[in-house]
Amino acid sequence: MLSLIVFLPLAAAAVLAAVPPSAGRRVFTGGWVAVAAVDLVLVVAAWSGYDAGGGLDYEQRLPWMPSAGVSYHVGLDGLSLPLVAVTAVLFLACAVHSLRRTDRVKSFVLLFLFLQTVSLGLFTALDLILFFVYFDLSIVGMYFVIARWGHGEARRSALTFFLYTFVGSLALLLGFIGLYLSAEPHTFDIVEIARADPLAGSGARGALVLLAIGVGLAVKTPTVPFHTWLPPAHTDAPAAGSAILAGVLLKMGTYGFVRVAMPLLPAVWRQYAAVVVVLGVVSVLYGALVALAQEDFKRMVAYTSVNHMGYVVLAVGAAGLVAGSDEQARSLAVVGAVTQMVSHGLLTGALFLLAGVLHDRAGSYDMNAYSGLAGPAPVFAAVTGLVVFASLGLPGFSGFVAEFQIFTGSLASATIATALALLGILITAGLLLRALHRVFLGRLRLPGAPGAAGGFTDLRPSEAVSIVPLLALAVVIGVLPRFLLDVVEPAASALVGVVAR
Amino acid sequence: MGALMWSLVAVPLGSGAVLGCTGRRGDRVAPAVGVVTALVTLALAAAAAVLRPAASAPLFSGIGAGLAVDGLSAVLVVTTAAVTLFVLLFAADGAGSARSGARFTGLMLLFSGAMLVTVTATGLAPLLMGWEVMGATSWALIGYWWREPDRVRAADVAFLTTRAADLGLYLAAGASLAGGVASLALVELPGAAAPWLDLVTAGVVVAALGKSAQLPLHFWLSRAMEGPSPVSALLHSATMVAAGAYLLLRLRPLLVASGWGEPVVAWTGAATAVVLGLVAVAQSDLKQLLAASTSAQVGFAVLAAGAGGVAGGAMHLVAHAATKSALLLAAGAWLTALGTKALPGLRGAARRYSLVGVTFTIAAAALAGVPPLSLWVTKDEVLAAALRESPGLYAAGLAAAVVAAVYSAKAAWFAWRPRPEDAAAGWDTEGTGVREVSAGARSALVVLAGSAGLLGLLGLAPVAHAVRSLVGAEDAAAPGAWEPVLSALLALAAASAAWWWGDRPLPVPAVVGRSLRGWLHLERGAELLVVRPVTALARALAAFDDRVLHRAVLAVPVAGSRLARLVDRGAEVPIDGVVRLVARAAGGLGALARRPQTGQLHQYYAQAAVVLAVLALFLVFVR
Numbered sequence: 001m002l003s004l005i006v007f008l009p010l011a012a013a014a015v016l017a018a019v020p021p022s023a024g025r026r027v028f029t030g031g032w033v034a035v036a037a038v039d040l041v042l043v044v045a046a047w048s049g050y051d052a053g054g055g056l057d058y059e060q061r062l063p064w065m066p067s068a069g070v071s072y073h074v075g076l077d078g079l080s081l082p083l084v085a086v087t088a089v090l091f092l093a094c095a096v097h098s099l100r101r102t103d104r105v106k107s108f109v110l111l112f113l114f115l116q117t118v119s120l121g122l123f124t125a126l127d128l129i130l131f132f133v134y135f136d137l138s139i140v141g142m143y144f145v146i147a148r149w150g151h152g153e154a155r156r157s158a159l160t161f162f163l164y165t166f167v168g169s170l171a172l173l174l175g176f177i178g179l180y181l182s183a184e185p186h187t188f189d190i191v192e193i194a195r196a197d198p199l200a201g202s203g204a205r206g207a208l209v210l211l212a213i214g215v216g217l218a219v220k221t222p223t224v225p226f227h228t229w230l231p232p233a234h235t236d237a238p239a240a241g242s243a244i245l246a247g248v249l250l251k252m253g254t255y256g257f258v259r260v261a262m263p264l265l266p267a268v269w270r271q272y273a274a275v276v277v278v279l280g281v282v283s284v285l286y287g288a289l290v291a292l293a294q295e296d297f298k299r300m301v302a303y304t305s306v307n308h309m310g311y312v313v314l315a316v317g318a319a320g321l322v323a324g325s326d327e328q329a330r331s332l333a334v335v336g337a338v339t340q341m342v343s344h345g346l347l348t349g350a351l352f353l354l355a356g357v358l359h360d361r362a363g364s365y366d367m368n369a370y371s372g373l374a375g376p377a378p379v380f381a382a383v384t385g386l387v388v389f390a391s392l393g394l395p396g397f398s399g400f401v402a403e404f405q406i407f408t409g410s411l412a413s414a415t416i417a418t419a420l421a422l423l424g425i426l427i428t429a430g431l432l433l434r435a436l437h438r439v440f441l442g443r444l445r446l447p448g449a450p451g452a453a454g455g456f457t458d459l460r461p462s463e464a465v466s467i468v469p470l471l472a473l474a475v476v477i478g479v480l481p482r483f484l485l486d487v488v489e490p491a492a493s494a495l496v497g498v499v500a501r
Numbered sequence: 001m002g003a004l005m006w007s008l009v010a011v012p013l014g015s016g017a018v019l020g021c022t023g024r025r026g027d028r029v030a031p032a033v034g035v036v037t038a039l040v041t042l043a044l045a046a047a048a049a050v051l052r053p054a055a056s057a058p059l060f061s062g063i064g065a066g067l068a069v070d071g072l073s074a075v076l077v078v079t080t081a082a083v084t085l086f087v088l089l090f091a092a093d094g095a096g097s098a099r100s101g102a103r104f105t106g107l108m109l110l111f112s113g114a115m116l117v118t119v120t121a122t123g124l125a126p127l128l129m130g131w132e133v134m135g136a137t138s139w140a141l142i143g144y145w146w147r148e149p150d151r152v153r154a155a156d157v158a159f160l161t162t163r164a165a166d167l168g169l170y171l172a173a174g175a176s177l178a179g180g181v182a183s184l185a186l187v188e189l190p191g192a193a194a195p196w197l198d199l200v201t202a203g204v205v206v207a208a209l210g211k212s213a214q215l216p217l218h219f220w221l222s223r224a225m226e227g228p229s230p231v232s233a234l235l236h237s238a239t240m241v242a243a244g245a246y247l248l249l250r251l252r253p254l255l256v257a258s259g260w261g262e263p264v265v266a267w268t269g270a271a272t273a274v275v276l277g278l279v280a281v282a283q284s285d286l287k288q289l290l291a292a293s294t295s296a297q298v299g300f301a302v303l304a305a306g307a308g309g310v311a312g313g314a315m316h317l318v319a320h321a322a323t324k325s326a327l328l329l330a331a332g333a334w335l336t337a338l339g340t341k342a343l344p345g346l347r348g349a350a351r352r353y354s355l356v357g358v359t360f361t362i363a364a365a366a367l368a369g370v371p372p373l374s375l376w377v378t379k380d381e382v383l384a385a386a387l388r389e390s391p392g393l394y395a396a397g398l399a400a401a402v403v404a405a406v407y408s409a410k411a412a413w414f415a416w417r418p419r420p421e422d423a424a425a426g427w428d429t430e431g432t433g434v435r436e437v438s439a440g441a442r443s444a445l446v447v448l449a450g451s452a453g454l455l456g457l458l459g460l461a462p463v464a465h466a467v468r469s470l471v472g473a474e475d476a477a478a479p480g481a482w483e484p485v486l487s488a489l490l491a492l493a494a495a496s497a498a499w500w501w502g503d504r505p506l507p508v509p510a511v512v513g514r515s516l517r518g519w520l521h522l523e524r525g526a527e528l529l530v531v532r533p534v535t536a537l538a539r540a541l542a543a544f545d546d547r548v549l550h551r552a553v554l555a556v557p558v559a560g561s562r563l564a565r566l567v568d569r570g571a572e573v574p575i576d577g578v579v580r581l582v583a584r585a586a587g588g589l590g591a592l593a594r595r596p597q598t599g600q601l602h603q604y605y606a607q608a609a610v611v612l613a614v615l616a617l618f619l620v621f622v623r
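Keeping their order, the protein sequence lines are chains Y and E. Note that the UniProt record's numbering has the first sequence beginning at 1, numbered continuously upward. Note that the UniProt record's numbering has the second sequence beginning at 1, numbered continuously upward.
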């Protein structure tokens, strides 16, 4: 079942690869939408059949490289299932959003199908080498998306992205090998290593392994100061690429914290949790402040991603500060972190797709060039307005559910850090309202044509159909969060238990 | 019971959301839908006030979303629903073409629905949800005319200021969890453990003072006046500003438990009542005058929360809601008809539109504290509690009452002036007036101003007693016989003096007058002390990010290729040279090795003999 979900897009890609490009772009885009939809249906089926008992479900383990302790081990739990679902949703949204694409459609579709398998694979992987392979392949796939379909200095940004995150992934591999060597018998299996807890009380060695893994994940997340690849990559990537990059690929970093760093190195994590908390707070404030100074809509959204991921890092750090907090608080922080990954995936995905509309219509992301778009494009303005309010953590949307739990859960153990991070939601509110104000309200102004009226088409059906469901999901999570939290909470408290062990 | 509770909040929130989503298509039916929804909500609120429903749903782990109506909630639920109904009725009847569209009505319903959530929430989590949604919808309503940048900026100021204060509630939520109140239930908050209790209290107090536009966060209320008049009427009466005072009244046990909460809150309320009252006196714009008076009047309710007069505070909120919504709707009616809200431009407005004039005057008299109208009664109820707390607090409250009489009389004085010859010259400063007041507006005004007057019944001993037992404050201080008389005399004297003084400039130094007119210039202060430094910091960090951090990262591959060249020249060449040398040497040795291979047998024998000899010598010497 799980492997079917993961490899269906890749199989579809193999079939589509045999179709000549002359068959017409509709074959490819239509096929992509169909495959993504089927995959989403499968994920929903998996969700409804998921047993939220706290353990792993849909587990499967096949030998792969037995001599090296590597196996094909996959499974779902409350930490990974929501991310698998978000991945399926976002890829479907991107498929629908790209229905009108005309530029080298075949390879675009194939690449995204490949990326979907890689992303789903990463969130289901229970073997470090499997995890690493997917982690690296996602970088390769995204490199081509940015380099071939980007705009501006796409090649340069893509190369920066590739080299930076690739170096990060090498650090990650180093850490994984460290784990492998410490485990007796040597294995890359996540479940087995977690059970053995090989680096408990190992002093400097454990710290070095955590440092390597931490740097690898921090680059991907990204946290300050490893974030500088993100703004150029986002700015120059195509809309669907940005949405996947922000919505799915960034989650690989934060997911790595809850899947690898915390359960496999619990004692070391506890020891260095304060460092993680500080990194989180710095990311929150730095990301928000730098976003405040941006003139480019996409760059601004990219920096708010740094800010939003900072809350996740803060929460997982606070969950490691065992002294001074009870289990409920730490569990709340972890649940908040996972919810934030889901919420940020949906909302930032939507924001980047909306930014794509700006570029599609007028070829610019410069906020100074626009004004008063609510006039000609009321639906565009209303949807963006709602996404913006959702993104600044308004109750009724998923962001609040995430941030409230993060703050409430983290305050006990990391009081000052959390209090400082609270300022982040105020700065984010300010900068997002300012952007909304500048681009959509006031008198109409479009780039290149001072005073020209009209000329800005409202959301097209394919755009609306791809973006509005993301917003709708954010509202569902915001109003009725239990369906999500019921899945996440058992896994989160299990994780908190492991870390406190 | 649960169904009643949920539907009380779901009806306005749901229909508001649906209306808001219909866009222009819903414009035609929106006013009717809005009024019907508000009517249904009022009926539900009345039922809830009687039946006292409660409902709860799991929200987060160990933290529920509970809603319940108790005595205090009942008072506010009914008030909110009623004021919303009349404000929507006012707006529905053609007061300006754009006003009552689907977006407007939907947002108003969401706004009042969020207030209903806030006043019925039993825990911090649902309270914060209602609280923040209320703030966000207030942004959308204040900036309703989005083509005008000033109004949107005003909305930004209002939202950001209140949200800054709202952070207090997030802090309070975390602190109460840390302090052992795992459920975040409001009734359990006073039981939080020692250091956290102070943080909970501080967070709640800051959030409440911000929402209620108390000193020093009062300035957003001035900007909030940029919204349409019905928005102001709702925002300044039963929602938003009332929420802060409500929260303090509700969490009075927390203030008591903290030890320092009571005096801080009481004195902040009293100071706001006096200072913002003076600010109101200094205004020359009717809506600004009323805005400042809102801060001042809500200050009485805040004072009540600090001084232990929960019943008085609740009564004051209700009476003020009726009074202020009537006043702002009257101001809105004149604004629509005459196109101005400047006091000098409104000379004679009450004579021209006499029904508006009469209702405005009744409400203004209530605001002035003229007996036997509502605010006279409720203010004395509050002051009785203040007197029991400390004479100084009572004196401050009394001074605030005198100031209230002055600004109310000033507003009425302008409206009742004989209409000057050139009256029309002062009109249409804000847009062209329609020169009429609609029937819907008139009926809303009559009801609200009537309530402002009739709520004076709260002063009758049995009624007052009933209210006290309703909110669970039977032992609250009741005003003695002399206090109402004193306050009535003071109010009448102050109002007469203000009437006699007319529009002559205030007898204060120019600098004081300027600062009062400018709401103490705290918005500029916030701009200078907070906004600008933050923006500058943001720019600096962005420059650092681009020029230092990003460059440093880019420098790594550059340094890498430099290193590569260096290695090429510095290491490759020598290493290459060594390799070549070895090769050459090997070649030389090879050539040397070839030389013995002459192919001549006798030379081979000679060589073999030499080698054997060497071997023999070696064996001899080594062994």
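Worth flagging that the hints you see were computed from the coordinates, not collected in a lab. C-beta: ideal position from N, C-alpha, C; glycine also. There could be a bad hint or two in this list.
As the list claims (entries may be wrong) - Over 10 Å on every C-beta distance to chain E, these chain Y residues come out as not near it, computed from the model:
(1) Val44
(2) Val191
(3) Gln271
(4) Ser364
(5) Val465
(6) Ala500
Claimed, not checked - Here are the in silico distance ranges between beta carbons for each label pair:
(7) Ala323/Y <-> Gly518/E: 47 to 53 Å
(8) Val465/Y <-> Ala540/E: 38 to 44 Å
(9) Ala182/E <-> Gly203/Y: 32 to 38 Å
(10) Ala540/E <-> Leu159/Y: 26 to 32 Å
(11) Ala323/Y <-> Arg569/E: 54 to 60 Å
(12) Pro66/Y <-> Trp6/E: 35 to 41 Å
(13) Val18/E <-> Gly55/Y: 38 to 44 Å
(14) Pro66/Y <-> Ala182/E: 36 to 42 Å
(15) Gly53/Y <-> Val18/E: 37 to 43 Å
(16) Pro66/Y <-> Pro195/E: 37 to 43 Å
(17) Leu4/Y <-> Glu148/E: 51 to 57 Å
Hints versus structure:
At the 10 Å boundary, the C-beta of Val44/Y stays outside the reach of chain E, the nearest C-beta of that chain being 23 Å off. Residue placement check: Val191/Y keeps its beta carbon more than 10 Å from all beta carbons of chain E (closest about 25 Å). Residue-level check passed: Gln271/Y sits 22 Å from the nearest beta carbon of chain E, beyond 10 Å. In this structure Ser364/Y is separated from chain E by more than 10 Å, as the shortest Cβ-Cβ distance comes to about 19 Å.
No beta-carbon of chain E comes within 10 Å of the beta-carbon of Val465/Y; the shortest separation is about 16 Å. Residue placement check: Ala500/Y keeps its beta carbon more than 10 Å from all beta carbons of chain E (closest about 16 Å). In this structure the supplied range 47 to 53 Å holds for Ala323/Y paired with Gly518/E, their Cβ-Cβ distance being about 50 Å. Checked against the hint of 38 to 44 Å, the C-beta distance between Val465/Y and Ala540/E comes to roughly 42 Å, which is consistent with it.
Judged by the Cβ atoms, the range 32 to 38 Å given for Ala182/E and Gly203/Y holds: they are separated by roughly 36 Å. Ala540/E and Leu159/Y have their C-beta atoms about 28 Å apart, which keeps the hinted 26 to 32 Å range intact. The hint said 54 to 60 Å for the Cβ distance between Ala323/Y and Arg569/E, and at roughly 56 Å that hint holds. Distance hint check for Pro66/Y and Trp6/E: the Cβ-Cβ separation is about 57 Å, which falls outside the suggested range of 35 to 41 Å.
Take Val18/E and Gly55/Y: their Cβ atoms lie about 42 Å apart, and the range 38 to 44 Å holds. Separated by about 48 Å at the C-beta atoms, Pro66/Y and Ala182/E break the suggested range of 36 to 42 Å. Checked against the hint of 37 to 43 Å, the pair Gly53/Y and Val18/E passes, with Cβ atoms roughly 39 Å apart. A hinted range of 37 to 43 Å for the beta carbons of Pro66/Y and Pro195/E is inconsistent with their spacing of about 56 Å.
One distance hint, 51 to 57 Å for the beta-carbon pair Leu4/Y and Glu148/E, holds here, with the actual separation near 56 Å.
In terms of the numbered hints stated before, the structure departs from hints 12, 14 and 16, listed from lowest to highest.
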